[in-house]
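Chains as they are written, first to last, in the working numbering: chain A, -2 to 724; chain B, 6 to 311.
Please keep in mind that the hints were generated in silico from the structure rather than gathered at the bench. Predicted model only: the values in this text are computed from it and were never measured. No residue lacks a Cβ here, since even glycine has one placed at the ideal position from N, Cα and C.
The calculated lysine-lysine pairs, modelled on DSS-like cross-linking and capped at a C-alpha distance of 30 Å, are:
1. 332(A) x 74(B)
2. 339(A) x 74(B)
3. 349(A) x 74(B)
4. 213(A) x 118(B)
5. 285(A) x 74(B)
Partial selection, computed: residues in chain B whose CB lies under 10 Å from chain A:
6. 59
7. 81
8. 98
9. 99
10. 120
11. 148
12. 184
Stretch-level coverage of chain A by chain B, calculated; a stretch enters the list once three of its residues show a Cβ under 8 Å from a Cβ in chain B:
13. 0 to 14
14. 126 to 139
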Amino acid sequence: MPDLLLELRSEEIPARMQRRAAEDLRKLVTDALVARGFLYEGAKAFATPRRLALHVAGLPARGEAVREERRGPRVGAPEAAIQGFLKSAGLTSLDQATTITDPKKGEFYLAVIEKAGRETLDVLAEILPEIVKSFPWPKAMRWGAASAQPGALRWVRPLQSIVATFGPETETPEVVPFEVGGIRAGTTTYGHRFLAPGPIEVRRFDDYIQALEKAKVILDADRRKDVILHDARDLAFACGLDLVEDEGLLEEVAGLVEWPVVLLGSFDAAFLDIPAEAIRATIRANQKCFVLRKSGSEDLAPAFILVSNLLASDGGLAITAGNERVVRARLSDAKFFWETDKATKLEDRLPKLDTIVFHEKLGTQGMRIQRIAALAKELAPLVGADPAQAEQAARLAKADLVTEMVGEFPELQGLMGAKYAALEGLPPSVATALGDHYKPLGPTDRVPSDPVAIAVALADKIDTLVGFWAIDEKPTGSKDPYALRRAALGVIRYLLEGRRLNLVRIFDKHSDEVGRSIIEAKIANAPAGVSAFAAGVGSVDWGGQTTNVKSLDLLAFFADRLKVYLRDQGARHDLVDAVFALPGQDDLLLIARRVEALQKFLETEDGKNLLAGYKRAANILRIEEKKDGRAYDAEPDAALAAQGEPAERALAEALQTARAEASKAVAAEDFAGAMRALSTLRAPVDAFFTDVTVNADDPKLRENRLALLNALRAATREVADFSKIEG
Amino acid sequence: MPSPAPTPNRSFQGLILALQTYWADKGCVILQPYDMEVGAGTFHPATTLRALGPKPWKAAYVQPSRRPKDGRYGENPNRLQHYYQFQVILKPNPPNLQELYLASLEAIGVDLKLHDIRFVEDDWESPTLGAWGLGWECWCDGMEVSQFTYFQQVAGFECAPVAGELTYGLERLAMYVQGVENVYDLDFNGAEGEDRVTYGDVFLQAEQEYSRHNFEAADTTMLFRQFTDAESACRAYLDAGAPNEGERHRMVQPAYDQCIKASHVFNLLDARGVISVTERQSYILRVRELAKACGAAWLKTAGGGA
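Bound-form chain B, shown alone (with noise of 0.2 Å):
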């Protein structure tokens, strides 16, 4: 049997192996997604944690992100609960990085002399990670499909140098280039008749039952204490691997792993509507103060440039 060619207008695995093909190209490691669950790519360390400090670092990655509030049932087109991300990061960012993203459409098929790309004013934060940066949406055609943001701070660190970060919303991007209105008819693999795989075949059932364990079966008294389990571990690891004097920080990345975990059951949490509006502002600066703490302590590490 013949293999599909990842073309990337023909499927959606394609379109992920052009993009890694091009970016590696361009010196990028391309890392494979981070084994926890994320609300966005920016949550890998190779991003939060690799901007800070003055160490280069080119990286791109997919990333499976959670967004427990967007679960539609699977019966919305454009929405869901778990959707990938193409996330590069460069840094510094290089001159010409517009020049980058833009020749990175070409090479997925966008062909610039027939579409109307735009960069329309987009101030990215989030507060959560304690970071903000300028860029903005990039429109094909009017639709967004990928945010374009030049880190300023990370954890409440300046970062310094600035990296770019390029994060490519897949789906929106392969119903674009496929011609396809409905996110489960998006074709996945490329191949012809009984072998052809859809994006429903692979993800429809998985949305529905999510959805349902997001809003209605998630278990709220685990989830608050897995918050605060997260949280204290989150503290203990950093304490654990403090440095002495003149030394390096020893677990950070431990540490930052139950950050993320924190950051997703809070999630979980208020998609399940059990966070009143003055808790939720608490509960995210309780989780900017483990990303900040984490950051910190990043930058005393080799990694962080220590």
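The shape of chain A in the complex, shown without the other chains (with noise of 0.2 Å):
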């Protein structure tokens, strides 16, 4: 069966953005010729910085005939009908139609349309210069003498030539006609832009990419990352050194070559003074040179790896030197960084945040640092933390933002502040806190355990959320600048690991306070004269406390965020749904340990079967109910009850003590005894729907026993609402 060979060569592509692009060829492709009823064996996309190539093996040389009958009118139908049939299936006379006859409705015209299977070749000729005018590059730009027109090509950088060829692999293939952007599909590609410049021909996957590794390009991401890391990892071996890996520069570094050529370079030993991150950050950022340790130790030696894309001459002793010139003046400056940071405390840097904004509506870093402060101090008993060094910690917690070492690598800020106060001297706990309180990171990045550092963490989170909150900036869909969903992710892992926090009431008395900021930034931000005034925000009931509407929104943004915790922990999220149904439910380590107790519960027989009777009840409550237009949710009359069957009055003493002690237990957080308690009342509600009918002629014993059964809803609803449970 033939195979497609395409290559897309161009300027220089950027690295990022490379692996999405050879994804995004291939699904363009192959979906194009699936849609047209083109299926295909395999197909593999791949990039390198000059270009992108995609291979589609096992297509059909034409595709498939296709035979389509078209019905018509009645014979004998009125001219105009006929007319539009023989248009619509492209005949010239009824002579080209046959006719059917429907034994019901009579005869009718019957067209029969064949079309011939199309040329594979003439397909990839009109699907192809689609993708590529329409190809998902991130940026895209318009160059050279075409771009005076308007509706000129755009591709990411100038695009400069097509190789296409389609054909079997025992014969030349052919070159599928198509041109675009002045660009025509060939069969001549270029190899390594210095080490192997002139043309090559290709004819199909195999040859072109056994010709492009000749001519010093290898074409397969993965193997160049492959060679990268083996050459880089041997080297650094070969000098007793050990390599700093780093996914995401050896993806990057291998997307800036199509030639790896690996060297070592070294630096001078005195700039091992400056923090180590600190050194890995500028060679990474800067250079995107890997950082080497003294093998069998975390001491970062002074030595790094390059990756050229240059077999020189010299053996790459020109390269190597004019690299450690660039680092060697890199890390002069990252010293000078350091230095200069020292010479001034933290508590000094105070008054510049004050000048920076966070966030328009929101108010300075200063502000804002304020409300972090406040809150850190406040949550720090309930973590276990010393107020006062958590109130310290959270006034710090920013200031090596304005550093000269985080100014020009962001990505350090924390871990810089906290390098700086532990050489200030202050205490290991608020050093620590700086650098821990953005943690986690991400779901894989540690949980800090020092009680300060928890504190000015969850204070940090949830006054950023409290404050977007405030001002309706909300993740929605895939959006999430802010990191939000990230916050409350943290705020989740500090909690379930045994804190508690009445979050909703936190989040009220915090809206406070951000209220006071976005006033004050209103203020700043308007033009003189103009007042300002608090947004009004609604108050509801809430479980019997009178509560911000805004935080419910919130809490219910951490119901979400805790079900996928809990799912991926392998809970039910119909559960967590269940928990959060009752009112009053803000505490989510209680909610997640409720959650456990009832899953455990559920997966007993007596669980099992207790949730079958309460299914049951809430059916027969909810057709009855809706029959008579009425609640039946009055108590039960014990008295009544015990005059009706043996079942009955069974139930209604059961339900009576397992509400009361579950209730007990709940109260006492003692989930597993609640459900407990809830597990008696599975043989009287088994006995109960075995004896006795609900439906019975006497009124008042129906009305008794519709409320009896309400009495299991609402026994159920001391832990959580059934009704939410699926199954």
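The two chains are supplied separately, each in an independent frame; assemble them into the complex guided by the hints.
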């Protein structure tokens, strides 16, 4: 079966876009083929800095013939209908149509339209230029003389040539005949820009990839990564060093070279005074080089790995020397930042933060810090931290943002604060908190254990969430520019480790602080004379307490994040809903414990049967309440039940005991105990449904039995809203 | 006395001469620096204004660039508040602009078999000029030596056709080809013995004086006034040259001078630290509005293709 080879060669494609572009190319071409009925056996796409390539294997030489029957009007139908039919079926006269007989409706015209399968080559010639023209680059550009005209081709950087061939393995393939943006598809490409600049004639994928390899181009990015990683490890090992591996950097570097040549450079050991993270940041961000450790040690070595794109005639001496010069200059800058920063105390940097806007509507960093400090102090006792230290750490937590080092390398925020704080001799817990309060940065990042860090981290994240909620900048769909989901998940992880907070009350109180900042920011931004006022926020009753509408909305956001988090831990999302559906639930730790107990209970026979009994009771109640147009929510009459069937009496008694027990256990936060209490209901509920007719003839008896079912519903609500539970 | 040979790897001026010769040979007009203080070669009207409109244009020139905030009192071996850019503008960009650029490196003595040249993504944007383009930083052995940009928009207008812009950082490049670690040690004239002149001989004192001026002394009251004056003068000149129906604009370049002036004054105020973060944005916007108005007027001139 024939194969397609496509290469789009351009000027240097940004490294960060290459992998995605290769994948887009594969998907666009194969989807377009499949949409036209052309199936294929396999497809693989590749990217280098200078080309996207695609190999689609096992395509048919031509598409399948299509036979279509189109039924027309009845024989003898009016002329207009017949003409319409001929036109739509592409016939010139009725002689070209046949007739069919429908046993009920009589004789009809029938057109049989046969379309020969299209040549795959022609279909490709139709598909490919369109894909090139509308390729989804994150940023595209125009270029050259053609850009004087509207509608000029856009590509990530100027597109230079196209190779497109199609044909079976055994024959010389044909060029897919198309042209786009003045470039005609052909069979010529070029090798490495410096090592093999001449033209290369290619026919199909197998000889293409080999010819490129000969011309010093490794087409497959993963192979380039392998080469870099292995050569780097070997080179380091030979010098008694270990490579500090860095997947993100490896991916980027593999996108900057077509023929990786790994070299080792060194720098003056005196630079090792600079914190290791800062050395790594500067060498990584500015030079795209890897740092090295002394073998078997955590300490950095005064050396680095660079990846060049050239097999130089001097074996790389000049390249290494050049890179060393630049690294030296960069490290001199870093050392200067480090020394300069040490001369100013974090405390003395605070006034500067008053002049930096955090968010136009939320005011300055200074205001933000005041809010976080107040909140951290308040939360401290709840997480076992010293309030004074929590407040101090929170006040200094953002001071490193105005240091030289963090100005240059924003990714070092927190870390530099911790370093400078330690040098100043601040208490260790305070220094640690400056570094750790940003954590956890992702689902796999660790959660700090020092209580001061925890108080500051919680305060920082809660302030961010309450703040952005107050100005209605909530995450939508894939857009979450302020990383609010991550902040909420961070809070969840801290709390589920065993910490108790009543979030709604904290949100309510903190929104007052945020409100004050919003007003100040408005006054600062508004032209003189415009008075600012606080946006009125609705209050609602929530489980007996008056609360801010936005606090509840934020709690709902937490509920969603908790659901996602617990689901990843293996919990059922419907159980999270069932617990959140109860009023007044905002202690995430208790909620999670309750969900856990509930899930265990529902896995037992008692649990499953009780749930079945609950569903049955709820169904009956729903039907009867609807029929009668009233709710049966009165307490059941025990005396009346006592006169009824034994099973009825037994259930009434069991309910009273179980509900009281469950309620008591819940109050004592003994959720397993609450479940045990509920489990005693299983037998009486089963017996009730076997022995007792709910819809008794005696209306009094019927009403009381419905009330009993309602009491069962009420008893289960002691632990969760069972109506939200699936199954 | 024999005159020193203009070899690009021996002297700063030799490097400049070699680049001028190379680009002259490629059909560029070799212009002289614009006689105003600018932050980058792009501000020269030969780039900003000539990039607009349909007329072909090829030029190359050295432009002193002033970055008041980058002053280091002559104490940093790499940073200067006044340095030189070599600017090449080709409209429309020729299809082999990358090859032309690489050959220019060879012309100044960079052996492409020995050095690792890389085109690393760098999307260029000038908020003050309302301009952006896509291209690269060009690296030589890990050092950024040039910027390479395909202009997409200037002064808020689409470039049609697109111009290719090359900006060489001359001091860095010279340090590289001369193998010098400190900019002040650069050989300026390539002469021997007591005739030898270094970059430091020419510029060290100036760096010290201007750093003091930029950070400590520049008269901010005067500068704030100059900003406003330049802004209103720019508008006034544009009005004065505004075309009648069907005619051309008659006073773009004097107006654009005032836009350049406003931009430099803003940079000085910024270096003095008297512009807050919020104000900063609004000053940039004000300069951009001037640049846009000048660009619009330029398109109504003969040079702009009207």
